[in-house]
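K.L.:
Model the full structure from these sequences, guided by the hints.
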Amino acid sequence: MNTGFILTSSRDENPERKTKLPAIQISGGDELIFPMDEISLGTWIVNSRSGRSACLLNGAFVKHRSKKEYAKSRGRIPLEIFNFQNNWDFILHSDFRGVAPFTLVLIDQKIPVQIIVLIWDGQRKHAQILDPQLPQLWSSSTLYSTSLHAQRKCNFMEWIRHQHHPNSLEMVRYHQEVFTVNPENVKFKKNGIRTVSISQIMRTERENIFNYFGSEFKTGNSYSLKGPVLEFNNITEYHSRLV
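End of the sequence shown sits at 252 in my numbering; the numbers just go up one at a time, nothing left out.
Among the clues, some could well be false.
Label-pair distances were calculated between CB atoms; the ranges are [unchecked claim]: (1) T213 <-> K72: 32 to 40 Å; (2) T213 <-> Q145: 15 to 23 Å; (3) T12 <-> S75: 20 to 28 Å.
Just so you know, the hints here were simulated from the structure itself, not pulled from any lab data.
Ideal Cβ placement from N, Cα and C applies to all residues, glycine included.
P.N.:
So this is what it looks like as structure tokens:
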């Protein structure tokens, strides 16, 4: 999409960690919509009316050794971008000292779409502009080794090659069925970590949609910054609302 994109994110977390359903909040004169982590009061993914979106992954290039305390939760970072005029202002003028390493995908719905990946390794910022015409896959370095990420990316690119231009439903299903190993074992990770929700931002010239599948994907909501909230019981029902 020259003027749009689909961004889909699986949240891997302890299921006991509570999350508030996506809701609209005002920040810097912009309307934001995001699910909120009840502990950090932050988020891992946020969409806005203005055209800027962000998605956070824990970790930088490789898995780091965690400290007992940090000055600020990483979950606050995606919301702070809206305190700045644009993404580059945010990157240049933000101080991440005392924040755990993270990877932040920043998308601005310009013509064409602008994608920037910001990586904070605990010492330095690393920013890269990506080609919006190419599919991308990111994995948290705190959960996935370099080799496993490479395998996941290879499999994803092969799937994209056969799908050509997958729609939003197909992307959600890929996250649900492939990234979770199988539909019935929602996650396979250690220490009780598993996929607890799937969030998706879909933007075109006409649409600005935030889809959220929680409760092990049994229920979900589709939020439009240009229309009403749609509620659905499963992914199949969601698809029927689209067609």
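K.L.:
Against this structure, judge whether each hint is valid.
P.N.:
Hint-by-hint comparison with the structure:
Separation of T213 from K72 is about 36 Å and conforms to the stated range, judged on CB atoms against 32 to 40 Å. At roughly 18 Å, the beta carbons of T213 and Q145 sit within the given window of 15 to 23 Å. Checked against the hint of 20 to 28 Å, the C-beta distance between T12 and S75 comes to roughly 40 Å, which is inconsistent with it.
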